[in-house]
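Visitor: Please work from the sequences and hints to get the whole structure.
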Amino acid sequence: MVYKNIHFVSSDDQRASRAAKRLSNLHGNAPISEADVVVVLGGDGTMLETLHASFENGMPIYGMNRGTVGFLMNEYEESNLYDRLNSAQTVTLHPLEMKTLDVHGNESQSLCINEVALLRQTRQAAKLRISIDHQIRMQELICDGTLIATPAGSTAYNLSAHGPIIPLGSELLALTPISAFRPRRWRGALLPSTVKIEIEIREPRKRPVSAVADDTEIREVLRVTVCQKHSITLNLLFDPEHNLEERILNEQFIP
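My numbering puts the last residue of the sequence shown at 256; the count rises by one with no breaks.
In short, the hints are calculated from the structure, not lab data.
Wrong hints could be hidden among the right ones.
[To be verified] Here are the in silico distance ranges between beta carbons for each label pair:
| no. | residue 1 | residue 2 | range |
| --- | --- | --- | --- |
| 1 | Phe254 | Thr69 | 20 to 26 Å |
| 2 | Asp240 | Pro32 | 23 to 29 Å |
| 3 | Ile133 | Asn251 | 29 to 35 Å |
| 4 | Lys5 | Ala54 | 17 to 23 Å |
| 5 | Ala54 | Ile255 | 28 to 34 Å |
[Claimed, not checked] DSSO-like mimics (lysine-lysine), calculated; alpha carbons at most 27 Å apart, straight line:
| no. | residue 1 | residue 2 |
| --- | --- | --- |
| 6 | Lys100 | Lys197 |
| 7 | Lys100 | Lys128 |
| 8 | Lys22 | Lys5 |
| 9 | Lys207 | Lys128 |
| 10 | Lys100 | Lys230 |
| 11 | Lys207 | Lys100 |
| 12 | Lys230 | Lys197 |
| 13 | Lys197 | Lys128 |
Quick reminder that beta carbons are idealized off the backbone N, C-alpha and C, glycines included.
Guide: As structure tokens, this is what we get:
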């Protein structure tokens, strides 16, 4: 694939918007309907927003860091952009699908890139029942919450909660507890990416729980089901020397 028509997206940050303006002056800014690649200027938050917008079209996306962490971004450089795009390596990602039922009987459905997080809403710990492919695996987990993370998301909130880092291409999901009280020593599980995870909230009115999928939050949930949506493919472009697989591997050796 030879990329010729670029559509630029930037965050509201001054550094990012100025960079987008300079690059648009150099290369033009094709309408999204005519573009064959999207270049994102900003941080990981802007990248996640852009990925959400590409769920239906699968447009290749190349990010350049004008934000803070920039784990999903390449280094910022204004020169040789076409050469970088055309020599970039493609990483394919599949989002998670979260379906919820709340205590009022309302149902919702959301997609996310990094993780689904269940979080207690009050001072009281949450009580969760966990089923995998309709089989109860944990009758009761008392905790602050739990995460279901993709390989790309395993170095984000999941890592902060002491969950495992998952190499890309491993076809695994991480199920990680947040501050587990009982069973105290349970550290979570690695699951095949084909499973359906169902989490029921016990005592949902006394111990309310919210479910978060990227920027979507559903409060007072009664039941949450999560699975990987393999029918949707996202294409991220990385410079060969800064590919995402290498970054995820490197994270495992950072003291």
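Visitor: Is it true that the C-beta distance of phenylalanine 254 to threonine 69 lies inside 20 to 26 Å, as the hint says?
Guide: Since phenylalanine 254 and threonine 69 have Cβ atoms about 22 Å apart, the given range 20 to 26 Å holds.
Visitor: Taking the beta carbons of alanine 54 and isoleucine 255, is their distance inside 28 to 34 Å?
Guide: Check passed, 31 Å falls within 28 to 34 Å.
Visitor: Holds or violated: 29 to 35 Å for the Cβ distance of isoleucine 133 and asparagine 251?
Guide: 31 Å, holds
Visitor: CA of lysine 197 to CA of lysine 128, is that 27 Å or under?
Guide: 20 Å, holds
Visitor: Mind checking the alpha carbons of lysine 100 and lysine 197 for me, to see if they're no more than 27 Å apart?
Guide: With Cα atoms ~11 Å apart, lysine 100 and lysine 197 stay inside 27 Å; holds.
Visitor: Under the criterion that the straight-line Cα-Cα distance not exceed 27 Å, is the pair lysine 100, lysine 230 satisfied?
Guide: Answer holds: lysine 100 to lysine 230 is near 12 Å, not above 27 Å.
Visitor: If you draw a straight line from the CA of lysine 207 to the CA of lysine 128, is it 27 Å or shorter?
Guide: Roughly 10 Å between the alpha carbons, so the hint for lysine 207 and lysine 128 holds.
Visitor: Quickly compare the C-alpha distance for lysine 100 and lysine 128 to 27 Å and report which way the hint goes.
Guide: 19 Å, holds
Visitor: Given the hinted pair lysine 207 and lysine 100, is their alpha-carbon gap at most 27 Å?
Guide: The hint holds at about 22 Å.
Visitor: Given the hint that lysine 230 pairs with lysine 197, test it: the Cα-Cα distance must not exceed 27 Å.
Guide: 11 Å, holds
Visitor: Does the structure keep lysine 22 and lysine 5 at a Cα separation of 27 Å or less?
Guide: 18 Å, holds
Visitor: For the pair aspartate 240 and proline 32, does the Cβ-Cβ distance stay inside 23 to 29 Å?
Guide: 26 Å, holds
Every hint, counting from the list given before, is met by this structure.
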